[in-house]
Amino acid sequence: MKKIFLLSVLFSLAMVSQAQVKFGFVAPDYDNYTNSDPDAAFELVVFVPGNDTLDFEVGASVSDISGSAVNGVHYNFTPIVHKFMPGTNVYDGTSRKKYKINLTPDANFWGTREFKIVLTNFIGVTLTDVIRQQTELRCIIDYDGSSIGLPKLTVEQYTLYPVPATDKLFIDGVESKEYKIYDLSGRVILEGTTIENTIDVSSLSTGVYVIKSITDQGLLTQKFTKQ
0 MKKIFLLSVL
10 FSLAMVSQAQ
20 VKFGFVAPDY
30 DNYTNSDPDA
40 AFELVVFVPG
50 NDTLDFEVGA
60 SVSDISGSAV
70 NGVHYNFTPI
80 VHKFMPGTNV
90 YDGTSRKKYK
100 INLTPDANFW
110 GTREFKIVLT
120 NFIGVTLTDV
130 IRQQTELRCI
140 IDYDGSSIGL
150 PKLTVEQYTL
160 YPVPATDKLF
170 IDGVESKEYK
180 IYDLSGRVIL
190 EGTTIENTID
200 VSSLSTGVYV
210 IKSITDQGLL
220 TQKFTKQ
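Using numbering that gives the first Met the number 0, the letters of the sequence shown map in sequence onto residues 0 to 226.
Just so you know, these hints were derived from the structure itself, not from any lab.
Note that the Cβ used here is the ideal one computed from N, Cα and C, for glycine as well.
Some hints could be false.
Computed beta-carbon distance windows for the label pairs [as the list claims (entries may be wrong)]:
| no. | residue 1 | residue 2 | range |
| --- | --- | --- | --- |
| 1 | K82 | P37 | 25 to 33 Å |
| 2 | Q132 | S60 | 29 to 37 Å |
| 3 | K115 | T165 | 31 to 39 Å |
| 4 | T93 | D171 | 33 to 41 Å |
| 5 | E177 | D91 | 43 to 51 Å |
| 6 | R95 | R131 | 19 to 27 Å |
| 7 | K179 | T93 | 39 to 47 Å |
| 8 | K82 | D215 | 28 to 36 Å |
| 9 | Q132 | D91 | 45 to 53 Å |
| 10 | N75 | K179 | 22 to 30 Å |
| 11 | T192 | S60 | 23 to 31 Å |
Capping the alpha-carbon separation at 35 Å, the derived lysine-lysine pairs in DSBU-like fashion look like this [said to hold, decoys possible]:
| no. | residue 1 | residue 2 |
| --- | --- | --- |
| 12 | K99 | K151 |
| 13 | K179 | K167 |
| 14 | K96 | K211 |
| 15 | K167 | K151 |
| 16 | K167 | K222 |
| 17 | K151 | K222 |
| 18 | K167 | K211 |
| 19 | K211 | K179 |
| 20 | K82 | K179 |
| 21 | K151 | K176 |
| 22 | K97 | K82 |
| 23 | K222 | K179 |
Using the sequences provided together with the hints, build the complete structure.
Here it is, written out as structure tokens:
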């Protein structure tokens, strides 16, 4: 399934109204895509209030900070700068610019890896106007070592219950093979092999977590609450 990864950056600029500039990532946390997708990309988008045209240039450079994936080995991403020129508007498509991320995983690269796209060196806008004060976005790569990507499951494909959980989590609809449970800061709190689609969460403290499980149909990612 063709998956285009949109890391859209939203800019709002007013001319006559002097409205405050607001820009930032549309996605609030992270997203993932498979290594087999040749069209994996993020998109810079400018929205102008009232569909007016810009009267000055605006842009931001976007650079990479490697996580467990290594730039130039598992993927190739060249830091770029894009300026939206005067006259940019929503009608002629000049308000959009798409940048591909070229994936080049090697034979030793397997599992879930991540990197970050970071907004830096703003032009015509200021850091104080960033939406949610979010200047970076986590990108997840799923790779199984044989050039077959792991698709991200939708909530219609499986059932995770009970929510909230107490001692155990159950997964229906897919066959779960292994799992990792993260706290909201991204730290791995619990991991292991799923036994008969059942995960023991009794050792977790009360709170909100994210479970990621490799299944026979793709990658399951979902938040859940532990009571």
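Status of each hint after checking the structure:
no.: 1; hint: K82 x P37: 25 to 33 Å; result: holds, 27 Å
no.: 2; hint: Q132 x S60: 29 to 37 Å; result: violated, 18 Å
no.: 3; hint: K115 x T165: 31 to 39 Å; result: holds, 35 Å
no.: 4; hint: T93 x D171: 33 to 41 Å; result: violated, 48 Å
no.: 5; hint: E177 x D91: 43 to 51 Å; result: holds, 48 Å
no.: 6; hint: R95 x R131: 19 to 27 Å; result: holds, 22 Å
no.: 7; hint: K179 x T93: 39 to 47 Å; result: holds, 42 Å
no.: 8; hint: K82 x D215: 28 to 36 Å; result: violated, 46 Å
no.: 9; hint: Q132 x D91: 45 to 53 Å; result: violated, 32 Å
no.: 10; hint: N75 x K179: 22 to 30 Å; result: holds, 27 Å
no.: 11; hint: T192 x S60: 23 to 31 Å; result: violated, 43 Å
no.: 12; hint: K99 x K151; result: holds, 19 Å
no.: 13; hint: K179 x K167; result: holds, 14 Å
no.: 14; hint: K96 x K211; result: holds, 31 Å
no.: 15; hint: K167 x K151; result: holds, 23 Å
no.: 16; hint: K167 x K222; result: holds, 15 Å
no.: 17; hint: K151 x K222; result: holds, 14 Å
no.: 18; hint: K167 x K211; result: holds, 15 Å
no.: 19; hint: K211 x K179; result: holds, 5 Å
no.: 20; hint: K82 x K179; result: violated, 40 Å
no.: 21; hint: K151 x K176; result: holds, 15 Å
no.: 22; hint: K97 x K82; result: holds, 13 Å
no.: 23; hint: K222 x K179; result: holds, 12 Å
The structure does not agree with the numbered hints 2, 4, 8, 9, 11, 20 stated previously, though it agrees with the rest.
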